[in-house]
Structures are given as C-alpha cells and as structure tokens.
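**Student:** Just so you know, the protein sequences line up as chains A and B, in that order. Per the numbering used here, the very first residue in the first sequence carries number 1; after that it's consecutive. Per the numbering used here, the very first residue in the second sequence carries number 1001; after that it's consecutive.
No wet-lab data here; the hints were simulated from the structure. As the structure is a prediction and not an experimental result, all values here were calculated from the model. You can take every hint at face value.
In the DSS-like style, the derived pairs of lysine-lysine whose C-alpha atoms are separated by at most 27 angstroms in a straight line are:
#1 B:Lys1179 with A:Lys64
#2 B:Lys1065 with A:Lys69
#3 B:Lys1308 with A:Lys75
#4 A:Lys69 with B:Lys1141
#5 A:Lys69 with B:Lys1177
#6 B:Lys1542 with B:Lys1366
#7 B:Lys1522 with B:Lys1542
#8 A:Lys64 with B:Lys1194
#9 A:Lys65 with B:Lys1194
#10 B:Lys1217 with B:Lys1193
#11 B:Lys1200 with B:Lys1342
#12 A:Lys75 with B:Lys1177
#13 B:Lys1141 with B:Lys1217
#14 B:Lys1516 with B:Lys1542
#15 B:Lys1436 with B:Lys1384
#16 B:Lys1369 with B:Lys1384
#17 B:Lys1308 with A:Lys5
#18 A:Lys75 with A:Lys54
#19 B:Lys1217 with A:Lys69
#20 B:Lys1177 with A:Lys64
#21 A:Lys65 with B:Lys1177
#22 A:Lys97 with A:Lys114
#23 B:Lys1522 with B:Lys1369
#24 A:Lys65 with B:Lys1141
#25 B:Lys1174 with A:Lys69
#26 B:Lys1542 with B:Lys1369
#27 B:Lys1522 with B:Lys1366
#28 A:Lys65 with B:Lys1179
#29 B:Lys1065 with B:Lys1038
#30 A:Lys69 with B:Lys1308
#31 B:Lys1354 with B:Lys1369
#32 A:Lys65 with B:Lys1193
#33 B:Lys1217 with B:Lys1436
#34 A:Lys65 with B:Lys1217
One side of the interface only, derived from the structure: several residues of chain A facing chain B at Cβ under 7 angstroms:
#35 Arg21
#36 Gly24
#37 Gly28
#38 Gln62
#39 Lys65
#40 Gln66
Don't be surprised by glycine CBs; every beta carbon is placed ideally from N, CA and C.
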Amino acid sequence: MTNEKHVLSILVDNQPGVLSRISGLFSGRGYNIESLCVAETTDPNISRLTVVTKANQPLVEQIKKQLNKLINIIKVHELTGSKYVHRELALIKVNAKTENRAEILRIVDIFRGKIVDVGPDHYTIEVTGDEGKMEAILTLLRPIGIKEIARTGTIALFRDSK
Amino acid sequence: MKINGTQILMKALQEEGVDVIFGYPGGAVIDIYDELVKTDIRHILVRHEQGAVHAADGYARASGKVGVCLVTSGPGATNTVTGIASAYMDSIPLVVITGQVPSALIGNDAFQEVDIVGITRPCTKHNYLVQNVEDLGRIIKEAFYIARSGRPGPVLVDIPKDVGKALAAYKVPKEIKLKSYNPTYNPNLRQLKKVTDLIKTARRPMIFAGGGVVLSKSHMELRELARKAQIPVTTSLMGLGAFPATDPLWLGMIGMHGTYRSNMATAACDLMIAIGVRFDDRVTGRTDTFAAQAQIVHIDIDPTSIRKNIPVSVPVVGDCKITLSQLNELLADTDMGDLKAKRSGWLHQIEGWKNAARLSYEQDDKIIKPQFVVQKLNELTQGKAIICTEVGQNQMWAAQYCQIEEPGHFITSGGLGVMGFGLPAAIGAQMARPDKLVVDVAGDGSIQMNIQEMATAVQYCLPVKIVILNNGYLGMVRQWQELFYEKRYACTCMEHAPDFVRLAEAYGAVGLRAEKPDEVEKVLREGLAVKGPVIMDFVVAKEECVYPMVPAGAAITEMLLV
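Next up, chain B with everything else stripped away, as it sits in the complex (with noise of 0.2 angstroms):
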C-alpha cells in the first residue's frame, strides 16, 4: 500500500519513539503539520525557531533521548542554524527536519528557499537532502542512529514540498549498517593494560572527566573508578555532574574559571586520566604547560579528539562507559597495595589547595552580590534542581556555586556559548522531565536574546524557573574590559533594559524582584513555590568579577583570584 511523505515520515518518527517535537509552521512544511496533528505526537510550537533547536538540546540532554525540531525552508531553517552549531560542539543529538521548497523550484532562488544543507554541513554530523519519497523512511531511520550513535551529534533532513506529497510503500530497513560508519565502542584491551599499570604506579593521579561521561551515562563506572583506586576528580563544564560535587575526591571544575585546587592539580600530576573530553581551550590555557608533568591516558570514542590539542600517553578509543567498565573490571584483579597510604600525601596537598583559595566572594549587606543568589538558589535546591544557564558571568557562577550531583542536571552551551540558550533549554528539559524543577540561570544580556519563549512557556504551562542576575551589563565582557582593557566598557553597558517583572507579567508568568541582600532567600522561595514560571529579577552588584580566573592563553596556574 502506498502512503504519502508525509505519512512516511510521521510513521518513521514514531517507530523512533518521538513523542514530542519542538517547532514553527511555514509554507514548505505546511503538508507535514497537517498530518503532523494526526499523530499522538506533542508539538510544542516555539516563538523562534532557535529556539526550537535550543529547547530539542535542553530535552535530549534531560531525557538522554534524540531531540526532534521540525521548520519551514529559508529562514525557518537558517534560524536554526546557531542552535545546530551549539549541539554539534557539545555532542547533542538531535534530528532537525526542515521543509525545502518543491523539488522542481530547488536552485531558482524560490519564495522562502535557502541551500540550508549547504549552509549547516560543517555544523551537522550529517545532513540530507530527501530528492525520492522512496527514500525517505530510510532516511530518517538513518538520521536518528547518526545522531545517537558513536559521539552523538546534530544530523539535519531537508525534505521538500513535493516529497511529502509523493506516494510510496513504507520501507525502512530493520537495521541500519552503514560501510562508511563504524563507531569503535570496544577500547584495545592493550592500551587498558597500560592505564592500569599506570594507576598502580602514579603517585599523583587525577581524573578529568566531561561531556562524554554524561552523554554515556557512564557517571556510576567514573565514580567506582574514583572510588576505588583513590583517584581525585575535576571536570569540564560539560561534565558537571558526572561525579558529585559533595564528595571528599572532587576538585571542582577545571579550567579558564576552575578552582584554585583543580588547576593547581592539574600542573602537578603525574598522571591524567582523560576522559570524554577535548581539550578546549578554556580548559587547557597555554597547552604547553598543561598537566605538563604528567602522563596523559586519553579515553574518547572520537578519534579525532585524540592528539588534537595535547599530545598523549594513551590513547584509547572507545566508548567510556565500556572502557571504564573493562577498566575497572582490570583493577578488580590488580593488588593495588595500600592506596590510602600511597595516596595520602597527594590527597593532603589538595586539601592544602583546597584551604589556600576557596571559591569565595566578599559579602555586602547592602548590594546583592550575583554569586550569593546562585549559593542561596543551591541551598534551596540543594543539588536536585536541573539548572539551566545562560552564557557569560551568569553561566560561571552557576556552574562554580551549584553543586551539581547528577549528570543531566546542569544544561548549557558549552562549546559555543550561546547567549539565549538558557531559557529554550529549560523549555525543553522541563518537556522532558516534568516532575523536576528547572531553573534558568540568566544574565539580563542573555534572557532578552531569546525572551520571547516566555510566551512558550506559559502556553503549555512549563513551570520554569528564570533567575536574572541583573547587573545592567553584559558583565563578562565587561570583566575582560576592566582586567585587560583599562576599564574601557566599549559598548557592554545595557542602559536600557525592560522591567522584569512586569514583562513577566505581561507575558502572563509572575515577576518577581529582589533589591537587598535580605529579600534574596524570601523572593527564590517565593518564587521556586509558584506553580507556573516565574521571572525572579535579581539587582546585583554592577561589576562584580568571575574569580578565579585565567587569562585567555595563559598557563592554567596562573589564576587571578580575586
């Protein structure tokens, strides 16, 4: 029996358990909505289409599963570009189908036609241009394990007009095998040999984990890793909540903002385990000083993040969950001696650390300081909230002041830094995860790059959460201003901004303010009560600075501390 596009694709997207879909209407996918609303499938219509691709990534990285955005051709597709480009630095996958002006019309500059698979493949893991209805469940099938398998990542389908409405029989494949894609998920059992003879031998080891420990929910292997063989932990931003920020072993995170101990660690190791990270430039400063006294063992399933930016010991490619399973089944038969004894004196010299430069700021009691908000919010929290960010001052605090203890738990734009990211984020993890509370840590820069998902987020009663840290700039480049560039604030002062609370009320959501210290505690209860969103507007010190901090291509060690 022949079906249509249209159908073919809603059946391809159920076979994949797409229960929600983040979108905007237009005239190429007006067929795919229409038989879109036939489906049990939940659309959440978006008020930008970025920020339809932000809220898929908020709620692939809170449900673990593959987020779906569906657009219209031209600009509904190069909206979603920057979306795309922030999944695909951070690993996120999520399928994005955009409409495509008819097949005939492709390459005569069309009504509403762009070359968006053109213009999105270095920021996709793959893309496709559906020219045969015949092809298209294939298609999909294909995208959805490119987008989970292997190092996650973005894969978009352009499908145009006509496609949906051509007939053809539903035929998919039963399984997808691609000669050309072969992720290696097993590691080499020599190159393990090696990291466990390394353990044993390090007298100073560390742990740096990231996003690919959380995106592999391979947080309980790191952990038993950790536990076991004594080894302390830091991470990149991307993986907070890969190991608890409440045990003795973490270090807190590493890096540009990372804490004193953490970098200070990472200087004086002898051993570096690496996993599921890439070495970003944030995390590593002068790459020629980093860790530059240790072995480095290096575990991604990406071979190309290996060797890229630092050269290693050993590599080992392979998924981290496997490798730390097989790792710590290696260690299981190893006589490691006395680790506690062997480990003591590092462990000590980072309690030394520790004690040295705690993340601190100076309390004012009449001036809300940016950072007591988010250690107030941490409090009230305590570790159970999803905390969502924005990107910029409000995006370090979050991430040094809330103690994050599970992967899935802390969403933001780490590799591309995406202003506006927060809010659509939060959108789609609380899609994703509704008994949970999420909560958007926002600058009032960021909030207002994509403040019209306040509408979203009413509409389908998403009780999320917005708290502004208002200083009335865009604070962190100010802070590189004031440290690098002789206080010259050259156009980061916001002299205007709309009132928060009552666009939070014009918006139909409740608006809420804090002025002095002591309204803080009374404004987040107040808020994280209410059973809808809330914009909770907090006025905070105006140039208040992210410490620690290591200037941009300086050793890691080198950190201004307040």
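Isolated chain A (complex conformation) (with noise of 0.2 angstroms):
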C-alpha cells in the first residue's frame, strides 16, 4: 500500500495544551506531519487545525480514529481530493540584481504574486495557491537565487458550504 498526503481538518476545543495532546499523538505513536497550521474559527472557543501527514490508507483511518478519541477533538474530517479547495501562502526572498529583476516581475505576474518588500539585492515575494503551483513557482525561482523561504503549510475548506 502506498503512503499518499492526506489532508485533516481538525476542529478542537481552544484551549491550552490541544496542540501538545495532537502532536503529541503523532509523535508518540509515529505517524509523520508534512505540514501543520491552527488558526481561531469564527467561533473564538474552536480552532481549526489543518494537518497533511504522509500515510497508507489504513494508517490514515487509524489516524483519524486515533484523533477522534482525544477528548478536545470536535470533529476530523480528510479534506483530499478535487472537492476541496487548498491553499498555501509562501513569503520567498529571493536574490534581485538589476540583470535579473525584470524576469522575477514577470514570473510572479505569471503566478500572480506581489512583491512585499525590496532591497538593493533582494526581493521579497507572496504568493498564494496549491502545492503544485508552490512547486511550480519554486522550480522557476531556484536558478535565480533564493536567499529565504517561509511557507505556512497547507489549509483547506470544503468547495460545498457543509
């Protein structure tokens, strides 16, 4: 069985220590985390945790079981495949010398970033979208130079208001 990324979705009590019982929960039965992001709900009292992990089927059902059995966890719900939308957002500061500024203006146009901040050697780039275009955006960039990197990781919601 092959390991595929999995997207959770993850609503919890907000409360100390959920993240702990969480990642605690990965580590210590060593299930793997790609990427973790939490952030407050419109509802001050749950966050929504969004978690891809790298698992075979019946370990990703095990994991969701796992998750559901913590007393915080309001509900888990995969969030994989084309019924859901994913973004990410990446702050990448790259090497901007006077020869090469005019070809990373035309590849954050093409990927429709923004440059946030510029100095006399860098630019800083944000940018937004899936994990292909992040990959897309990263091969093109890499000849180039990148100094830095920041990504928040993956975030998903369900296309169909649910």
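Could you fit the two chains together into a complex? Lean on the hints.
**Tutor:** See below:
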C-alpha cells in the first residue's frame, strides 16, 4: 500500500495544551506530519487545525480514529482530493540584481504573486496557491537564487458549503 | 455562599460517591488533606505513591467503581506515572488528583514543581490543570464522567495550591455534555444482522473475549450467547473471569502462554467473534497467521481498537453489554437449526486438542513446583478468592492454574506488565471487598518492587495473603534467556533476597515458609486461615519454565509444549 498525502481538517476546543495533545499523538504513535496550521475559527472557542500527513489508507483511518478519541477534538474531516480547496502562502526572498529584476517580475506576474518587500539586492515575494503551484514557482525561482523562504503549510476547506 | 477550593473538591468527590481515597500527603496538598479529614471519606495512607495508584486500580476492578488517588506535586506526581500508564493500558477508571505549586510559581522551576499534565498526556484518557477555582467543581465531575464512560481510563486533575485556597460558589452542572466526546454505545443493527448470519452458517466458530467484557459487566450476556449458540470461548489475560473456567465450552486462555486447544482452535476456526479485545501482540503472535481461516467479527466500544492490529470482516462499534444483549435477542428470533449436531464435529476436535496437550508439569517429591503451589491454592480457594498477580512467571502460572469463575476475581497488570502491581492492587481489592479472600500471587522479584505496602496492609488490618513463588530469579526473563539466549542468565539471578518470613514479622504480619512439596498444603491452609496479612514464602524449583510458550513473533500454533 502506498503512502499518500492526506489533508486532515480538525476542529478543536481552543484551549491550552490541545496542540500538544495532537502533536504528541503523532509523535508517540510514529505518524508523520508534513505540515500543520492552526488558527481560531469564527467561534473564538474553536480552532481549526489543518494537518497534512503521509500514510497508507488503513493508517490514515487509524490516525483519524485516534484523533477523534482525544477529548478536546470536536470533528475530524479528511479534505483530500478535488472536492476541497487547498491553499498555502509562501514568502520567498530571492536575489534581485539589476539584470534579473525584470525576469523575477515576469515570474511573479505569471503566478499572480506580489512583491511585498524590496531591497538593494533582494525582492520578497508573496504567493499563494496549492501545492503544485508552489512547487512550480519555486522551480522557476531556484536558478535565480532563493535566499530564504517561509511557508504556511496547507489549509483547506470544502468547496460546497457544508 | 462562597467556599474554598478544597471544600469544593470534597463536595464534588462526595457527590461522585467517593468513599475511599488512596494517597500520600505533601506540601502542595496539605490544604486538601486538612479538609479531607473533616469528611467521612476514608483515606488509606500508602507508603509510596505508585502503590496508591495500583491500590486505586485494584479497588476499581474489585468494586466496579472509579478508583481515586491523591498525591502531592513534583515527586508525588511523577511516582504515579507507572500506575497511571498501567491503568490506561488496561482501561481502568481512575481519577488521580495531584497537587501543584501555586499558579504564580508554575513555570519557574519551583520546589517540587513538575509539569505532570504534560508528562501524563500520552498515558491518561484526559487530564486537567485547574487554573480557576470557578472551574474546579465542573472539572471534577467531568473527570469522573470521562474516567467511567466509553472505554474507561485514568483521568488526572492537577490542582495548584492557591486554587485550593481561593473562594467560589459551588457550581456544578447537573449533567456532563461534551460536544467533543460522545462514545458510541449502541451498535449498528445491520452489522449485528451480519453477525447472526455468520453465527448461523459457521461450522467452526469461537468467541474471543477480553477485558471489555469484564469492564462492561457483560459476562452474563456472553455466557448466554456462548451456550445458546454452542460456541467455545477463549479469553485474553484481561478477560479471565468473563467465562467460567469450569464450563465445558471453556477453551482456556489464548496467546503466548495460552492453552494448546485455544491456540489450535484459533488457527482452525472459520468464525472468530472478538468481544472487548484489542488484539495485543501477546495474543496474536505473528498477525498474518492469526485466525487466518476465519471471518473475524470485532465488537468494541473504542473504534481505534478495530483494525489497528488485525483486519476484520465485521466491525461493530458499541458497548459490549448492549451489543451482546441485542445479539442474543436477534439470535432468539433466528432458527438456528440443530446446533448441537452442527457443532459436534468442531467440539469433538477441540476435545481432542484438549486431551493431546493439557496444562501440565512434572511433579517432584523433593522440590516444590511453582505450578503445584498455584494448583493447591486454586483447590483451597475454589474460584472464590480474588487473585491478584505480580508480573512474570507468577502471573502466567496464576492465569493458567487458577480457575477464575467470575469477573473482578483476577486482577493483573495486563497491558503494561508492572512488577510490583499485585500487592498494592490486592490492598485496593481488599478495601473494596472486605468479605473476600484476596491473594497476591507473587515472585521474589516483583514482590520487592512494592514490598513497602506491607506496612499499609498491616496498618489498616487488610488481611491480604501473599504467595511468593520464590525461585531466586527474575524467572520470566531467565526463561527467555534459557530458551533463546543459550542459558546466558545475564543479571537475572537475585543472589540476595531478604528472609521473607522475618520481613513479614518485621512489618507486623505473619510469615510462613514451605521448602518441601508436602509442606505446601499445610502452609497454604495455615496462611489462608490467618485473620491478618500473611506472606507465604514457597521455595520453588529454580529453573521451571511456563509452558506452553509461543516465542515472540511466531505464529500462535508454534507452541513449545514442554
């Protein structure tokens, strides 16, 4: 059975220690975390955690059941696949010399990114998109020279209101 | 009217029906203790906090209620961890209350400060740090609710010293409702119908029952199902007592030290109904060969237990008691045909396995065989005693040679395998059942791990009987070294041990010793008749092994028989 990426969206009580219960579950049972995002929802008592994990099908079922077993977890949804919108935000600081500034701007334009900071020899680019788009822009920027990068990890929602 | 936190705590405990607490005082809980002695809750002062948790565990198993402990911050709290982890593995409902340094000092590395909530997160069902006295009453009620509902387990509540002193009105919700915690009690009816169909068509069915049947008190429903559908029954170590060991349908225990017939039946059955079990590796051996010819039905209240270790055909999430009684109702409406005739071949085959390799050992007229001691103990107690065990060979011989008839009569650290569990657990069980004879079957190694609790037994006149199978070795590890490490007995020989008879006397208990086989019965009779706690030291054959044995990781049919 192959290990595939699974996006899990987890609604939890917004309380101290909850994140630690979840990360402890993953580390204690040897589950993998590719990325993890957490922030409040419209209800300040509830937070949404989005975890991307790599696992085969039986294992991801077990992960979901183990998560549901934690007392502070309200709901676990799997948001893998095309029925869901996935997005990630990245801040990418690249080398920007006079000779390649135009090229960078063209790439940023193609990916509908923004330059959010400029210096004598750098641009900082803000770009959002799904995983494929992130990989694509990074591939194009890499030859120019990426100085630093910060990524949020994937967040996701149902396409239909549910 | 406002009362202080310690008063809120006592009120909440009393509302939960707590009548006994096992504990050990210290600086951070001094206010709680000051309040505790004003109530009618009995406090049992143990000699080590680990003993408090095991005692509460034994109490919970023997009484069916939630066991409660109270300890101080720092080392008091860390000493409870082994006991908590054991209760977590065995799904025993406990509420462990720990003191904490004052809120203002938390995080400052204060004297006797430890992050016990952080430490116990992976080995509790849930835990709390009480930050506000207003929440205390609710948290205590929630803790008891979580501990005893669904798949039970230990819950820890950490109370900073200032919370105990702070004032608040007593405010506790009438009913606990948690939107994030709703155990599934009622099984899916469609799944149950599939089970009845399988029972009807199976030619070689067996039931594999575990601790879940004991915890949910569904032993009567289990017996009804087995007898009505003529299905033989095995249990895990934790399930002993769920089915009477004297019943003709009894197969004996399954697994690493299970009976020959039980393990052979597992390999040959075409239907296995697993109830309240979690397919531990000590049960399954090599998983890909486990019950390989069978359709497996798995009934459990915890969805994570299902398909964790073993793939199953029919998963049923639900409470064992509700599920089994619904299953019995469904079966009552089903025409099962001539079951006796249908099953006779299968039951005959099992009888053959039974006769081919019974539990046995070579008797000796000069040296006491440990199995002989347990067998005699069983003869004298006739399934009426509560048998507690330590861990290792003593535990397995107790499981094999004590015929357990009823749930709550075999108390052992099954999942975690804690040496030193038996004596404090026996103390807890005796507190719960003063009317019962409570025996701890021990080894000379494990008994020394919590021997200090003898003082507790003597102080509270708890007449627990300790049977030490004294072979001078850490016997189970020595057995592995003999069988799999070419007899290299690395550090398993206890070259020096105390004189257990004199030790018993030093504690103010009675000590007896048997060195010859013909003294065994006399010592047992004399010891069991004593009104107070007794240590009986049986000097047994040094290098006896527990058989049958399935080597770790082998298929459970690959048994070493002698």
